[in-house]
Structure formats: C-alpha cells, structure tokens
Amino acid sequence: MAVLNKKKSKVSDEIPTSSMADIAFLLLIFFLVTTTFPKDKGLAVVLPEPGETAEVSQKNILHLIIQPSGIIEVKRGENQQIQQMRPSEIEGLWRQEVTANPNLIAAVKTHPDAAYEHMMNVLDALHTANAERISLQILEN
Amino acid sequence: MSMKGGGFERQSKTSSEVPTSSLADIAFLLLIFFMVTTVFQADRDRPIEWPEAEAAEKIDEKTKNILNIWMQRDGQIFINDQPVPMEDVSAIVAPLYADSDRALVISIRGDREVPYLYMDLVQQELVSAGVVRVVFAAQLEQSMQRERR
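Going down the list, the sequences are from chains G and L.
To convert, note that position 21 of the first sequence is 21 in the working numbering; the numbers rise steadily by one, no gaps.
To convert, note that position 55 of the second sequence is 55 in the working numbering; the numbers rise steadily by one, no gaps.
By construction, these hints were calculated from the structure, which means they are not laboratory data.
It is possible that some hints are incorrect.
Claimed, not checked - When the alpha-carbon atoms are kept at most 30 Å apart in a straight line, the in silico DSS-like pairs for lysine-lysine are as follows: (1) L:58 with G:41; (2) G:10 with G:59; (3) L:13 with G:39.
Said to hold, decoys possible - Which chain L residues stay away from chain G? Per the calculated CB distances, all over 12 Å, these: (4) 47; (5) 84; (6) 99; (7) 109.
Backbone N, C-alpha and C define an ideal beta-carbon position, used for all residues, glycine too.
With the hints as extra help, turn the sequences into a complete structure.
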C-alpha cells in the first residue's frame, strides 16, 4: 500500500449510527413491557335483583334528598324535621349517625332534575365514610 | 468539506461493514407502528365531562367483562359506539350479561350535568336485565379540590 494513500487521521467524521438500532429496540422493548392499560375508576354499587324488595323500619333509614340546587335535605326516619346540608358535610353526618345506629340505611333520593354530579358527590361522601347499605332512588312527589 | 485525506481517496468505495444505519429506521418504524395501532378500548371516548369522586376505586374485573354505557348531557345513551334508545338498553344488556356468565360489570359513564331522571331510567333498565354489579365511573378527585367544594 502506498504511504501517500494513508489517511492522516483515523477518527471517522461520521456520527456512529450503528448503536442507534440498539437504542431504538431497547426503547421498543421497554415500552412494550412497561405499558399498563389504565383501569377504569368509579364508585361500585350493587343493584337489587328484579322484584327484590326489603321492608325496612323507618327508624333505620336516613333520608338524603338531593335537590336540583345540590342542597341536601336530611330527614331521619319518622322525624319530619328537615335539615339542609352541603355534600361535604354528609361524610361527617354519616359517621356520626352510624355510630348511633349500626343498622342505618342511607336512602339517597335524587330529584329528577338534579344533576348526576350532585348524586355522585353524596355517593362519594357515603363511600368515603365506608357506608355499605345505600339505596339509590328517584324523588317522587 | 475538509480535505483531511489530503485529497487522496480510497481505492475501493465498497464498505466492508454491514450497513447498520438503516436498522434504526426499522426499529423506529416498528415503534411508531405499535404506538399508532395500539387500541385501548373497543368503543371510543365520548365527549363527556366526568364526575369526580374521592372514593373512586379501580374496577376489579377483566376488561372484556366491563361494558361501558355512555350517557351524554342530553340523556342520549351510547353502547359500543352505537346510539341506543333508553327502552332498548335492557334488551341489549341482558344477552351480553348471560354470555359473560353473570360476570359482566356495567360501567355507567355519565356526564356530570345529566339530569338524574335519565340515570334512574338506566338503572331500572339494568335491574330488569338482571345486572347486579354497576360502577358509576368517575375521575379520581384530589382531596385539595374537595376542600374547596
């Protein structure tokens, strides 16, 4: 080989692209492995079986009547006295009431024109307060 | 261009290396192909405003056993991208429920502003279809937001 033909510098002036493939495949495999599909979140309820009705003593019912404005009217069983509350107060109310009466059932009655959001706020508060016996109804006149 | 070689060129221009530069292109192509073709849900998201709930929990069921019922603000119902009249919900859900060996979970994805009247009608339809497990889908609410409410 002719001495003159030898390059003076052996450093390549190209970007080393041969490892790019490794990086790309690594990324590909990384994302394939780590991808988790987002699971749906929500408030779970159990609907009654068709035709299933249960007679409950009035004194074990806590009526939560949701008005279209989002205000909640709280009525305790036979007591006709109505107490107005905001959704944020329901959690504390339930904890207080259920300690006094462990058999208490929350009867959530929503006005037909009330936004779904208001009902969700109340259901959320009840779930947060670990309420298990919840009845969802629509407010009839 | 610099003339580092002093103007001299190699005799053979054929490289003795395997051309690996195009491998990156192939890999990225695959990457983009998988990113584009990945389908997350059978039905597409409808434009609804989600209700928020602090106590929202993950639905503990396989994805194939979850049926989404979308309800728009005007009360229009969509099941698997198809608009469904209210009175047909029971007839559509009942066979799906039977096929799933009563494991089907209904996820009701309602707009937060939908009047409760429609929600009650859907629940009645689901009860008559024999469905027991229902989830009111919601976004997880941060407790900071809750304070302001």
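Going down the list of hints, with the structure as the test:
1. L:58 with G:41: 4 Å, holds
2. G:10 with G:59: 93 Å, violated
3. L:13 with G:39: Outside the cut-off at roughly 56 Å; violated.
4. 47: 16 Å, holds
5. 84: Answer for residue 84 of chain L: holds, closest chain G Cβ roughly 18 Å.
6. 99: 19 Å, holds
7. 109: 8 Å, violated
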